[in-house]
Amino acid sequence: MRILGISCFYHDSAAALLEDGVIVAAAQEERFSRVKGDERFPTDSIRFCLDQAGISIDQVDEIVFYEKPLLKFERIIETYLNVVPAGLISYLTAMPSWLQKKLNQKKLLKSEFKKNFNFTPAHIFFSAHHLSHAASAFYASPFEKAAVLCLDGVGEWATTSAWLGDGSKLKSLWEIKFPHSLGLLYSTFTHYCGFKINSGEYKLMGLAPFGKPIYADLIKQKIIRLNPDGSYWLDTTYFGYLDDLVSTTKKFEKLFQMPTRKPESALTDFYKDVSASIQQVLNEAVLALARRLKQDTGADSICLAGGVALNCVANGLLVEQNIFEKIWVQPAAGDAGGALGAALALHYLKNGHQRIINKSDDMQGAFLGPDFSDQQIENCLRKFNLKFEKLDEEITLAATAKMLSESKIVGWFQGRMEYGPRALGSRSILGNPLAANIKSNMNLKIKFRESFRPFAPIVIDEQYDRYFSLRLKNEYMLLISKVKDTDLMPAITHVDGTARVQTIFKQKNKKLYRLLQHFEKLSGHAVLINTSFNVRSEPIVCKPEDAINCFLNTDIDSVVLGNFIVTKMDNPQIKRDSKWHEQFRLD
Numbered sequence: 004m005r006i007l008g009i010s011c012f013y014h015d016s017a018a019a020l021l022e023d024g025v026i027v028a029a030a031q032e033e034r035f036s037r038v039k040g041d042e043r044f045p046t047d048s049i050r051f052c053l054d055q056a057g058i059s060i061d062q063v064d065e066i067v068f069y070e071k072p073l074l075k076f077e078r079i080i081e082t083y084l085n086v087v088p089a090g091l092i093s094y095l096t097a098m099p100s101w102l103q104k105k106l107n108q109k110k111l112l113k114s115e116f117k118k119n120f121n122f123t124p125a126h127i128f129f130s131a132h133h134l135s136h137a138a139s140a141f142y143a144s145p146f147e148k149a150a151v152l153c154l155d156g157v158g159e160w161a162t163t164s165a166w167l168g169d170g171s172k173l174k175s176l177w178e179i180k181f182p183h184s185l186g187l188l189y190s191t192f193t194h195y196c197g198f199k200i201n202s203g204e205y206k207l208m209g210l211a212p213f214g215k216p217i218y219a220d221l222i223k224q225k226i227i228r229l230n231p232d233g234s235y236w237l238d239t240t241y242f243g244y245l246d247d248l249v250s251t252t253k254k255f256e257k258l259f260q261m262p263t264r265k266p267e268s269a270l271t272d273f274y275k276d277v278s279a280s281i282q283q284v285l286n287e288a289v290l291a292l293a294r295r296l297k298q299d300t301g302a303d304s305i306c307l308a309g310g311v312a313l314n315c316v317a318n319g320l321l322v323e324q325n326i327f328e329k330i331w332v333q334p335a336a337g338d339a340g341g342a343l344g345a346a347l348a349l350h351y352l353k354n355g356h357q358r359i360i361n362k363s364d365d366m367q368g369a370f371l372g373p374d375f376s377d378q379q380i381e382n383c384l385r386k387f388n389l390k391f392e393k394l395d396e397e398i399t400l401a402a403t404a405k406m407l408s409e410s411k412i413v414g415w416f417q418g419r420m421e422y423g424p425r426a427l428g429s430r431s432i433l434g435n436p437l438a439a440n441i442k443s444n445m446n447l448k449i450k451f452r453e454s455f456r457p458f459a460p461i462v463i464d465e466q467y468d469r470y471f472s473l474r475l476k477n478e479y480m481l482l483i484s485k486v487k488d489t490d491l492m493p494a495i496t497h498v499d500g501t502a503r504v505q506t507i508f509k510q511k512n513k514k515l516y517r518l519l520q521h522f523e524k525l526s527g528h529a530v531l532i533n534t535s536f537n538v539r540s541e542p543i544v545c546k547p548e549d550a551i552n553c554f555l556n557t558d559i560d561s562v563v564l565g566n567f568i569v570t571k572m573d574n575p576q577i578k579r580d581s582k583w584h585e586q587f588r589l590d
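Residue numbers for the sequence shown follow our numbering, so the first one is 4 and each next one is one higher.
Do not take every clue at face value.
Straight-line distance between alpha carbons at most 20 Å, and here's what the computed SDA-like set of lysine to any residue pairs gives [what the hints assert, rightly or not]:
1. K546 - K275
2. K71 - H126
3. K485 - S472
4. K405 - H521
5. K297 - P231
6. K275 - R264
7. K405 - G527
8. K71 - V38
Distance ranges between label pairs, derived from CB positions [unchecked claim]:
9. E409 - E453: 26 to 32 Å
10. E256 - R228: 16 to 22 Å
11. Q298 - K582: 54 to 60 Å
12. L221 - K405: 50 to 56 Å
13. D238 - D169: 36 to 42 Å
14. E392 - W177: 55 to 61 Å
15. R228 - P145: 35 to 41 Å
16. S268 - S175: 31 to 37 Å
17. F455 - K386: 34 to 40 Å
Hints were generated in silico from the structure; no laboratory data involved. Ideal Cβ positions, reconstructed from N, Cα and C, are used throughout, including at glycine.
From just these sequences and the hints, can you work out the full model?
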């Protein structure tokens, strides 16, 4: 039984393929199209999934979409009716797309399959948006029984939903509906602080430790009411998402007595304090919801999904508070993960299959994307006319560790690409956390991004407790931990003494684990900087060509693709393409 799940037409479109409940492949369209957050029908992602399984589209048994468009349209129309006569411009902007295409989404999807695959599905199933999130979290998790909390902007109507997963069952408990939304609240502050909605929320989270939460009480007094039972209520007169094309209002700006920050302008203490304040409010809201869910379910474990579940500061606090013994966050927690969740929901809830629990989860380290053969990599290097070495694996690891110990920056391109927003050691840029000035160099000369942005550490399992204090380890870089010695590695220690740490387990990523061991022999520490292999606004690299282009047009010193090593030193003829970075719209 093969099930193809797809998400598209809003942001972060993706495809995922199951065979008898096993995840065969999953990927986001942006990685292939090179358009950040690409919303288009995921033609290339579907094609990859089919190729990975060695099948054609007509061998897929069922196709499922990650949300229910008619319910979403109902919410949009009802919202406009509630704010009339306001919202006319927004209404006129949105309606043509809905009336021409999205309203009859089944027809639209079938036409896309016909156009791109010369195949018309007999039937397409639709999963509710939050059910897709919940299924992606629980069914892929290592838990037999768990509470499930989904937090995002909005699906059809739900913005927050609570579930109980037990074996193959997934029961809806309660939900909070639009327009009351933690995701939209956080995104509004993202916009107010000058960052782009649906891509800049992680910048707001990274900026927060530089400020003081002096506006937290004001936000709770005027904008959001946090109730004792974990529910919450927003005063929607402060927001523009009901009737306008921007998320803040004049009333919002008047409350803080400052205008919305212009993108790329100076980051003053005011916006740092606002960032800290909304992060604290979000933390309080998430913890209150978790306590309610613990009371309702009595479960020892909790699973998280939805875009807000990518807020690893709130996740780390959830662990610290010991509300649940265990926590598992879907690494593709946003809408891209909805493609996988929709397929899993169909497999277990509609088709009634029994679940076999994988104690290390079903995500396979999130390495569910494409990989490339030695021949494909070599062909790429020759196409770029680059001098390279191909070495045995242990020699490659030793040579890479030596470069890192010398404070060289290394592009690391290995195996199958990650599914979700994090580079987890397959499409990564690695650096020496002990090196002076490496943080500013990597931010400004390689990533071309804001200097306040932190870098994440990776550490081998056995050495985790030497450096970090959080009681739970996480292989998906989704939890914040206090750093035990904040002076030891300033490059991976944020200003508040924390780090978004990723633990590397030998059985999940043997090659990267061995690289860390080699680095430990040279430096005394099994820790490296790991950041995504891309520049600002560029999707994480997918193909060898993408990796080489990033290497050629930044200050990355060397790139290791499989066991091929390419260095700038060995290729003095390299010239940068001054227009290369212009193809990526600023995020």
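Structure-based check of each hint:
1. Straight-line distance between C-alpha atoms of K546 and K275 comes to about 37 Å, which puts the hinted pair past the 20 Å bound.
2. Only pairs whose Cα atoms come within 20 Å are accepted, and K71 paired with H126 is accepted, the gap being roughly 15 Å.
3. Taking the CA atoms of K485 and S472, the gap is near 6 Å; set against the 20 Å cutoff, the hint holds.
4. Only pairs whose Cα atoms come within 20 Å are accepted, and K405 paired with H521 is accepted, the gap being roughly 8 Å.
5. Restraint check: the Cα-Cα separation between K297 and P231 comes to about 14 Å, which is no more than 20 Å; the hinted pair holds.
6. In summary, the hint linking K275 to R264 is supported, as the alpha carbons are separated by about 11 Å, within the 20 Å threshold.
7. Distance hint between K405 and G527 is fulfilled; the C-alpha atoms sit about 13 Å from each other, no more than 20 Å.
8. In summary, the hint linking K71 to V38 is not supported, as the alpha carbons are separated by about 25 Å, beyond the 20 Å threshold.
9. E409 and E453 have their C-beta atoms about 27 Å apart, which keeps the hinted 26 to 32 Å range intact.
10. For the pair E256 and R228, the beta carbons lie near 21 Å from each other, so the given range of 16 to 22 Å is met.
11. For the pair Q298 and K582, the supplied restraint of 54 to 60 Å holds, since their beta-carbon distance comes to about 57 Å.
12. For L221 and K405, the hinted distance range of 50 to 56 Å is satisfied, since their beta carbons lie about 53 Å from each other.
13. Separated by about 37 Å at the C-beta atoms, D238 and D169 satisfy the suggested range of 36 to 42 Å.
14. Between E392 and W177 the C-beta distance comes to about 59 Å, which sits within the given range of 55 to 61 Å.
15. A C-beta distance of roughly 36 Å is found between R228 and P145, which places it inside the suggested range of 35 to 41 Å.
16. For the pair S268 and S175, the supplied restraint of 31 to 37 Å is violated, since their beta-carbon distance comes to about 44 Å.
17. With their beta carbons about 38 Å apart, F455 and K386 fall inside the hinted range of 34 to 40 Å.
Comparing the model with each numbered hint stated earlier shows that hints 1, 8 and 16 do not hold.
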